[in-house]
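Asker: Work out the full structure: start from the sequences and follow the hints.
There are 2 protein chains.
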Amino acid sequence: MPISGVIPVAPTIFTDDGALDLAGQRRTIDFLVDAGADAICILANWSEQFALSDAERETLTDLALEQVNGRVPVVVTTSHFSTRVAAERSRRAAAAGAAMVMLMAPYHGATIRVGEAGARAFFEGVADGLSIPILVQDAPMAGVVLSAELLAGMARDIPNVQYFKLENADAADKLRALIRLAGDAAEGPWDGEESITLITDLDAGATGTMPGGVMTEVLVEVMRRYRTGDRAGAVELYERWLPLINYENKHSGLQTTKALLHEGGIIGSDAVRAPLHGMSPEIRAGLVAMARRLDPLILRWAR
Amino acid sequence: MPISGVIPVAPTIFTDDGALDLAGQRRTIDFLVDAGADAICILANWSEQFALSDAERETLTDLALEQVNGRVPVVVTTSHFSTRVAAERSRRAAAAGAAMVMLMAPYHGATIRVGEAGARAFFEGVADGLSIPILVQDAPMAGVVLSAELLAGMARDIPNVQYFKLENADAADKLRALIRLAGDAAEGPWDGEESITLITDLDAGATGTMPGGVMTEVLVEVMRRYRTGDRAGAVELYERWLPLINYENKHSGLQTTKALLHEGGIIGSDAVRAPLHGMSPEIRAGLVAMARRLDPLILRWAR
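Those protein sequences? They're chains A and B, same order as listed.
Note that the numbering used here has the first sequence beginning at 1, numbered continuously upward.
Note that the numbering used here has the second sequence beginning at 1001, numbered continuously upward.
Fair warning: there could be bad hints in the mix.
Unchecked claim - Coverage of chain A stretches by chain B, computed from C-beta distances (three or more under 8 angstroms per stretch; other residues unrestricted):
| # | segment |
| --- | --- |
| 1 | 47–58 |
| 2 | 83–94 |
| 3 | 274–284 |
As the list claims (entries may be wrong) - Pulled a few chain B residues facing chain A out of the computed Cβ check, cut under 8 angstroms:
| # | residue |
| --- | --- |
| 4 | Gly1018 |
| 5 | Phe1050 |
| 6 | Ala1055 |
| 7 | Val1085 |
| 8 | His1108 |
| 9 | Ile1112 |
| 10 | Val1114 |
| 11 | Gly1118 |
| 12 | Gly1125 |
| 13 | Gly1143 |
| 14 | Arg1273 |
Treat the hints as calculated values from the structure; they're not laboratory data.
By construction, the Cβ of each residue, glycine as well, lies at the ideal position given by its N, Cα and C atoms.
Answerer: Structure below.
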């Protein structure tokens, strides 16, 4: 069964002093399952993956799979610059029970990139001997340009490169080109970026979306309406909640889900890990006021 | 005793299939010591640090310190985006016997930067409780701008932030500004970038240089001449060898030292780790021909 629908990113939960908060992590995962997530993604950029040690990644992978306990599939991000390390991480995630791994094309810092041939060889190397599907993440953070032709070629030629999360500019047109070029080989054309482009991407053929974890239950209903032919109803619901997506995308960023998990009494601290810093009091107040008005499950689940 | 002089970067030695070659790593370290290095730096960008797992970093740190066995100081690169992880790495390196740690300001990918206040807080966090000096690496790869004022302020205010490796554009003018602003608090104003700007940086007051490992013995003699007042002799020797530095800096890159270690019979493979790829046959032939003409120790040491 292909994975589709709403696949929220679980934030990584820290204590105020920056240690992993494993109890808070478990409650966050339970909340996302209860909110109706079709699958859950861990260790994504929105999970501050770039601020974790290798050992912490393993701890969080094992914890998530244990806590989910088969209720929904789990997508584990295994990005690393090195083909060898990314392949090892991916095989370890598969062995631990991940349903899929997500990786960006290799990059490091401002200057190290490897081009399209290098990216293709990287994904071939990660796929080699891997038993689960790969989700290729096409994200601005990487600073890597992956053409629709490259993505479609990988979908056709590398058996487990089957999913694609497009969150660079022109995601909708690129989804359309990918679907045209790859056909059924691109089993999961998805979008990401907080679902800020969702309706246009659904129109382009997206079958999945990877938002933050703020309003999973709403996006599930948007997707249900769209899938059953009620596009107008999907658009109406989406546009009612768009201000919150826009606020996360433009103002409150990767701390958004944690701030509302904390506001809803689900976690004890919404700290991000230094050198990142939390949102300003003013931005937080705007977020909380907007969320109270819209009243997502995240504010009610633990009450 | 402050560390000064020539501090070459030890490349990380891999087998042809990308595994660590620990025996080759030991021979490389012995060669650099014999070539006269004043200290050795491991896990730098020129060591492909971005392609290593955390466990491999620890293996290589322990191996280097054991192999050097106190003959020269060892500088261990402990860069990581997270203050917490960078601090843990640094404390571990100190406990293992490192003389100094080197870190870039935090960065991730194309988009995540934390500004000057964030960089300062990062170095304060790493310095907290650390028993050895910190070398701040100001490198193009980070895509981070660190002003001379920021660097001098850290030198004055954070006791173990004492060394600065400047390898962005305008290194010489920035060294001069740093020395003017920080005085003795900047105990080690150094340059890097294969020592491609060495003479101008020495004129600006640099006391150390961090090149690759191709011609340590030559740069040691350049520094000796300069230090003893023979600037003309230093320039003459430097300019005779400049074509090789230029070739490394512009053509053969981080594989240069490994290619010549291999050519000299010191290591069995000069592979870089995928997704990086080795230099072309044409670039390699040009490198080897130039090195044979200049005849550095690296081609003679194992014979």
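Asker: Against this structure, judge whether each hint is valid.
Answerer: Outcome of the hint check:
1. With a cut-off of 8 angstroms between beta carbons, the segment 47–58 of chain A has 6 residues touching chain B; three or more are needed, and the interface restraint holds.
2. Interface restraint, the segment 83–94 of chain A with chain B: holds (4 residues with C-beta to C-beta distance below 8 angstroms; minimum three).
3. For the segment 274–284 of chain A, the assignment as covered by chain B holds, since 4 residues bring a beta-carbon within under 8 angstroms of that chain's beta-carbons and 3 suffice.
4. Against a cut-off of 8 angstroms between C-beta atoms, the interface hint on Gly1018(B) holds, since the closest Cβ of chain A lies about 5 angstroms away.
5. This hint holds: Phe1050(B) has a C-beta 4 angstroms from the nearest C-beta of chain A, less than the 8 angstroms allowed.
6. The beta carbon of Ala1055(B) comes within 7 angstroms of a beta carbon in chain A, closer than 8 angstroms, and the hint placing it at the interface holds.
7. Taken as an interface hint, Val1085(B) checks out: its beta carbon lies about 5 angstroms from the nearest beta carbon of chain A, inside 8 angstroms.
8. Interface restraint check: His1108(B) against chain A, minimum CB-CB distance 4 angstroms, threshold 8 angstroms, status holds.
9. With a cut of 8 angstroms, the hint placing Ile1112(B) at the interface with chain A holds, because the nearest CB-to-CB distance is about 7 angstroms.
10. With a cut of 8 angstroms, the hint placing Val1114(B) at the interface with chain A holds, because the nearest CB-to-CB distance is about 4 angstroms.
11. Taken as an interface hint, Gly1118(B) checks out: its beta carbon lies about 4 angstroms from the nearest beta carbon of chain A, inside 8 angstroms.
12. Interface restraint check for Gly1125(B): the shortest CB-CB distance to chain A comes to about 6 angstroms, inside 8 angstroms, so the restraint holds.
13. With its C-beta approaching chain A no nearer than about 3 angstroms, Gly1143(B) sits inside the 8 angstroms limit, and its interface hint holds.
14. Hint on Arg1273(B) holds. Least Cβ distance to chain A is approximately 5 angstroms, under the 8 angstroms limit.
Every hint, counting from the list given before, is met by this structure.
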